[in-house]
Amino acid sequence: MLDYTTKETYERSALRVNPAKTCQPVGAMYAALGVHECMPHSHGSQGCCAFHRMFLTRHFKDPAMASTSSFTEGASVFGGGTNLKTAAKNIFDIYNPKIIAVHTTCLSETIGDDLNSFIQDIDVPEGKYMVHCNTPSYYGSHITGFSNMVAGFIRYLSKSSGKKNGKVAILPGFVNPGDMREMKRIAKEMGVSYSMLPDTSGVMDSPMTGKFELYPKGGTTVEEIIALGDSSQTIAFGKFASEVPAEALSKKCNVPYKLLPLPIGIGRTDEYIMALQSYTKVAVPYSIEEERGQLVDILIDIHPYTYNKKVAIFGDPDTVLSIAEFVLEMGMIPKYLVTGTPGDAFEKTAEELFVKFGVEGCKAKAFGDLFELHQWIKEESVDLLIGGTHGKYIARAEDIPFVRAGFPIIDRYIHSYMPLVGYKGGMRLAELIANALMDRQDRDAAEEDFEMVM
Amino acid sequence: MSVMNKVLDQYNSRVYKNRKEHMVDVNSNDKNEIAANVRTIPGIITQRGCCYAGCKGVVVGPIKDAFIITHGPIGCAYYSWGTRRHKAKKGEGEDNYLQYCFSTDLQEPDIVFGGEKKLKQAINEAMDLFHPKTIMICSTCPVGLIGDDIHAVAKWAEKEYGIKCIAFSCEGYKGVSQSAGHHIANNQLIKYVIGEGDRKITNKFAINVLGEYNIGGDGWETERLLKRCGYEVVSTFTGGAKMDDIANAHQANLSVVQCHRSINYIAELIETKYGIPWMKVNFVGVEATIESLRNMAKFFNDPELTARAEAVIADELDNIEQDMAYYKSKLKGKTAAIYVGGSRAHHYQFLLNDLGVHTVLAGYEFGHREEYEGREVIPFVKPDADSKNIESITVEPDKEKFHVYLSEEDLNKLKEEKLIDYYSGMVKDMKDGTYMVDDLNHFETEEFLKLLKPDIFFSGIKDKYVAQKGGTLSRQLHSYDYSGPYSCFRGAVNFARDIAMGIYTPAWSYVKAPWKTAPILEGTIGGVQ
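So the sequence lines, in the order shown, correspond to chains R and A.
Take the first sequence: its position 295, counted from the start at 1, is 295 in our numbering, and no numbers get skipped.
Take the second sequence: its position 430, counted from the start at 1, is 430 in our numbering, and no numbers get skipped.
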């Protein structure tokens with residue numbers, strides 16, 4: 001397994017091996033799927049759209065519907081304006097969405113297609129919308145693309161009527177529908193009225209009814225996106241996924257924002273609750289306090305199995321940083337943190353975390369890859385690996401317990417329905433981690449040490 | 001109104017006109033002409049992929065010891081990393097890079113100033129870290145647009161490191177589907193690999209298995225069967241193969257072709273250059289496998305081989321008979337629709353027939369007219385701008401390596417029988433009143449499923465859950481839903497087991513909640529319950 005990976009350090013400047021990120025457009029497609037009656041549209045070769053739909057479907061095990069401009073060599077030479085025009089007509093004709101959300105690809109970006117002017121020239125039917133964002137694959141990652149698409153919706157649609165609507169705009173970041181549901185449940189429990197953008201719950205975790213719906217019940221409505229401009233405040237989760245759209249809403253409609261880390265673990269969920277409370281100015285309900293207390297209780301219960309255990313975490317920057325803080329809360333040591341997404345903020349925040357919890361010898365790297373993470377593990381091993389499916393090869397090669405969390409998970413089921421965020425999500429993640437470590441202890445125990453009670 | 005017209009009628013006139021050409025209401029008295037291998041209309045939710053997917057993903061990706069660097073931004077390499085289930089074992093002293101993904105991960109400055117320098121550096125790093133004997137470079141869309149000369153870089157790498165380095169200009173925008181990528185990959189393998197090997201081959205029943213990608217272990221099962229019969233598989237294109245196998249393909253006496261679409265160029269070029277004829281076979285389905293084995297034996301025309309093939313057939317049949325009978329009893333009378341690939345939509349009809357399942361609709365994602373109508377249409381297919389853009393290479397007979405197994409007279413006889421150098425296409429195996437639909441798109445999938453109500457829809461991951469949400473079992477025929485092998489005799493049982501499992505899984509019976517059909521109010525009217 002991964003026999004060519006050795007521990008000797010080697011400085012690479014050109015060859016990416018086993019990436020921990022993918023390209024912008026897939027993130028944009030995912031964001032657009034979180035808008036009700038929206039057709040995500042990939043402006044590029046068919047293959048981009050096919051790959052992204054394939055990948056999202058494999059993660060969510062639900063249809064990921066999107067259309068494409070189907071570029072050919074001719075379009076690549078003469079520009080994709082005609083393709084987009086034809087596409088828009090056919091999409092409105094055949095699939096009748098309320099809105100088309102176009103994202104670009106490295107192909108249309110490289111030839112310099114001007115989407116602003118293309119869309120202005122398109123005859124969008126009355127009551128329908130067409131928006132776009134630029135997602136060149138050679139910049140950032142799928143997280144950047146997600147962020148750009150959310151900002152695109154806001155820039156095109158959100159309007160301030162001059163009268164606040166008393167709602168909080170929640171930007172959930174690149175998380176699963178299960179997480180979005182949990183963020184909404186907490187807001188509701190706190191008595192906050194909100195709009196969430198995007199909201200893939202009810203779309204990418206839609207129920208089996210015996211009838212396929214091209215546009216399932218879920219998703220943020222266009223009306224809600226427009227009204228985001230009247231929100232009293234934005235709560236934006238994750239610097240990498242949500243700062244750009246929060247800034248866009250602030251700039252366009254003067255909605256102030258609080259940029260919070262993804263609410264995974266105790267401290268970071270506390271921050272979310274405090275932000276909601278500072279808005280409602282009422283006491284936190286007992287139901288929330290009870291959940292928090294349960295999570296703390298659990299962490300105390302399981303500490304003999306987690307304390308001082310070393311963990312390597314990889315995946316998307318906002319997710320990795322929040323899981324890192326949670327494992328620190330569990331008394332574990334986040335030995336290695338790797339994201340493929342570029343950005344200095346990742347390493348800086350990670351360093352701050354290491355200092356805050358007083359742990360030493362931990363490393364964090366942005367714009368990294370799984371090959372390098374594996375090299376680090378070979379140099380000095382860890383007790384647990386946390387990340388998406390691609391980590392299973394390292395876990396097997398090094399015989400390390402592995403917890404799947406984040407994106408993408410294409411070799412397991414159900415994960416997208418279940419939250420990692422909030423105190424409830426913390427309980428789930430704590431259970432996954434404790435079980436992985438304890439299963440390993442059981443597996444490795446000598447027969448006479450194999451315990452009935454643990 | 002026919003089912004086909006009911007679907008088409010919902011389109012605007014321009015789309016109607018285009019899509020009508022891609023649908024055939026099969027009638028054995030008609031020509032059953034179909035439009036294929038032409039552009040998908042922009043905006044249509046097609047399941048098709050791109051040229052890169054056909055070249056890197058399909059044809060060269062499975063070669064285990066080729067170190068493939070995807071030259072471009074990260075996405076294309078990432079999506080084709082371990083996602084197609086082409087399995088390969090690492091033998092003693094062999095390389096296998098399939099667990100790895102390599103890319104130049106081009107960034108904005110590389111797009112502006114060119115990516116050749118980065119590609120060269122990536123090769124330097126690959127050589128330092130992995131020491132591969134073969135490097136392949138596959139380009140993605142922006143690379144073609146910014147004009148990186150990947151072929152010059154490949155030449156440089158060969159000189160610098162004394163390795164084999166082959167460049168594939170398989171930018172996604174070329175052609176109209178994955179098909180263009182197959183062609184580009186075929187061209188380069190013929191130009192730079194096939195014919196270079198000098199492995200000693202003594203078995204006169206030496207064959208190449210072309211167009212077998214070892215998805216879910218299909219190739220291994222096929223090879224096991226062929227070896228039992230006495231064949232030596234010189235090369236498999238390209239499932240589980242190593243470069244050396246491919247380099248020796250010119251030494252076989254017969255090429256058998258499983259997936260015609262993706263590999264027919266090589267089949268023909270090998271014949272012209274080295275004298276090896278090709279035979280279309282199908283190892284999907286019990287009856288189809290038996291026929292393929294018999295046809296092969298007929299070609300080699302050796303009594304011992306023929307007897308052994310018959311003994312193997314009898315033994316393999318004996319092993320699966322009971323299981324097949326059981327599953328047939330569970331599946332007989334069911335109907336299926338198949339939309340996949342450039343061959344499987346045809347091949348799987350045979351296996352379904354074995355199980356008593358009737359195919360009501362079939363279509364290819366990237367097939368050409370010959371996969372539908374048979375190779376006899378090739379002279380009538382007009383090349384368009386998109387297909388003309390893909391280089392078509394010609395080869396001359398290789399004076400040293402050209403060899404024949406059969407006399408010209410015997411070979412011509414087999415050609416007349418259409419056993420050699422011929423593919424019949426799917427339509428001749430489809431019953432009247434069934435449908436062929438090319439590039440079946442999302443809208444048509446939904447509508448045909450509603451109207452034809454098949455029990456099973458065989459397709460890919462993108463429309464699997466569309467069908468299932470609508471209440472129709474869907475199985476992926478690209479990835480076999482992570483099962484397999486499905487080839488030959490044992491594979492047929494695996495397939496039957498998987499279909500039966502899907503149809504009889506209890507969860508289907510819970511789709512409607514009990515309160516949906518029960519009255520909400522219960523009470524008495526005038527004292528009467």
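Calculated from the structure, these hints are not laboratory results.
Incorrect hints may have been included.
In silico SDA-like links for lysine to any residue, alpha-carbon gap of 20 Å or less [what the hints assert, rightly or not]:
{"#": "1", "chain 1": "A", "residue 1": "LYS328", "chain 2": "A", "residue 2": "TYR504"}
{"#": "2", "chain 1": "R", "residue 1": "LYS211", "chain 2": "A", "residue 2": "ILE503"}
{"#": "3", "chain 1": "A", "residue 1": "LYS89", "chain 2": "R", "residue 2": "ASP3"}
{"#": "4", "chain 1": "R", "residue 1": "LYS61", "chain 2": "A", "residue 2": "TYR482"}
{"#": "5", "chain 1": "R", "residue 1": "LYS7", "chain 2": "R", "residue 2": "ARG443"}
{"#": "6", "chain 1": "R", "residue 1": "LYS128", "chain 2": "R", "residue 2": "LYS61"}
{"#": "7", "chain 1": "R", "residue 1": "LYS7", "chain 2": "A", "residue 2": "ASN494"}
{"#": "8", "chain 1": "A", "residue 1": "LYS512", "chain 2": "R", "residue 2": "GLY210"}
{"#": "9", "chain 1": "R", "residue 1": "LYS211", "chain 2": "A", "residue 2": "ALA507"}
The calculated label-pair distances, taken between Cβ atoms and stated as ranges, are [unchecked claim]:
{"#": "10", "chain 1": "R", "residue 1": "LYS159", "chain 2": "A", "residue 2": "GLU108", "range": "47 to 53 Å"}
{"#": "11", "chain 1": "A", "residue 1": "GLY114", "chain 2": "R", "residue 2": "PHE78", "range": "34 to 40 Å"}
{"#": "12", "chain 1": "R", "residue 1": "ASP399", "chain 2": "A", "residue 2": "LYS298", "range": "40 to 46 Å"}
{"#": "13", "chain 1": "R", "residue 1": "ILE414", "chain 2": "A", "residue 2": "ASN203", "range": "30 to 36 Å"}
{"#": "14", "chain 1": "R", "residue 1": "GLY166", "chain 2": "A", "residue 2": "LYS516", "range": "33 to 39 Å"}
{"#": "15", "chain 1": "A", "residue 1": "THR517", "chain 2": "R", "residue 2": "ASP399", "range": "24 to 30 Å"}
{"#": "16", "chain 1": "A", "residue 1": "HIS358", "chain 2": "R", "residue 2": "GLU126", "range": "56 to 62 Å"}
{"#": "17", "chain 1": "A", "residue 1": "GLY114", "chain 2": "R", "residue 2": "TYR307", "range": "48 to 54 Å"}
{"#": "18", "chain 1": "A", "residue 1": "ALA518", "chain 2": "R", "residue 2": "GLU213", "range": "20 to 26 Å"}
{"#": "19", "chain 1": "A", "residue 1": "ALA518", "chain 2": "R", "residue 2": "HIS303", "range": "21 to 27 Å"}
Positions of the beta carbon are idealized from the N, C-alpha and C atoms, including for glycine.
Hint check results:
no., hint, verdict
1, A/LYS328 x A/TYR504, "13 Å, holds"
2, R/LYS211 x A/ILE503, "18 Å, holds"
3, A/LYS89 x R/ASP3, "13 Å, holds"
4, R/LYS61 x A/TYR482, "14 Å, holds"
5, R/LYS7 x R/ARG443, "27 Å, violated"
6, R/LYS128 x R/LYS61, "29 Å, violated"
7, R/LYS7 x A/ASN494, "42 Å, violated"
8, A/LYS512 x R/GLY210, "8 Å, holds"
9, R/LYS211 x A/ALA507, "15 Å, holds"
10, R/LYS159 x A/GLU108: 47 to 53 Å, "33 Å, violated"
11, A/GLY114 x R/PHE78: 34 to 40 Å, "23 Å, violated"
12, R/ASP399 x A/LYS298: 40 to 46 Å, "52 Å, violated"
13, R/ILE414 x A/ASN203: 30 to 36 Å, "51 Å, violated"
14, R/GLY166 x A/LYS516: 33 to 39 Å, "37 Å, holds"
15, A/THR517 x R/ASP399: 24 to 30 Å, "53 Å, violated"
16, A/HIS358 x R/GLU126: 56 to 62 Å, "46 Å, violated"
17, A/GLY114 x R/TYR307: 48 to 54 Å, "52 Å, holds"
18, A/ALA518 x R/GLU213: 20 to 26 Å, "24 Å, holds"
19, A/ALA518 x R/HIS303: 21 to 27 Å, "50 Å, violated"
Hint compliance for this structure: hints 5, 6, 7, 10, 11, 12, 13, 15, 16 and 19 are broken, all remaining hints hold.
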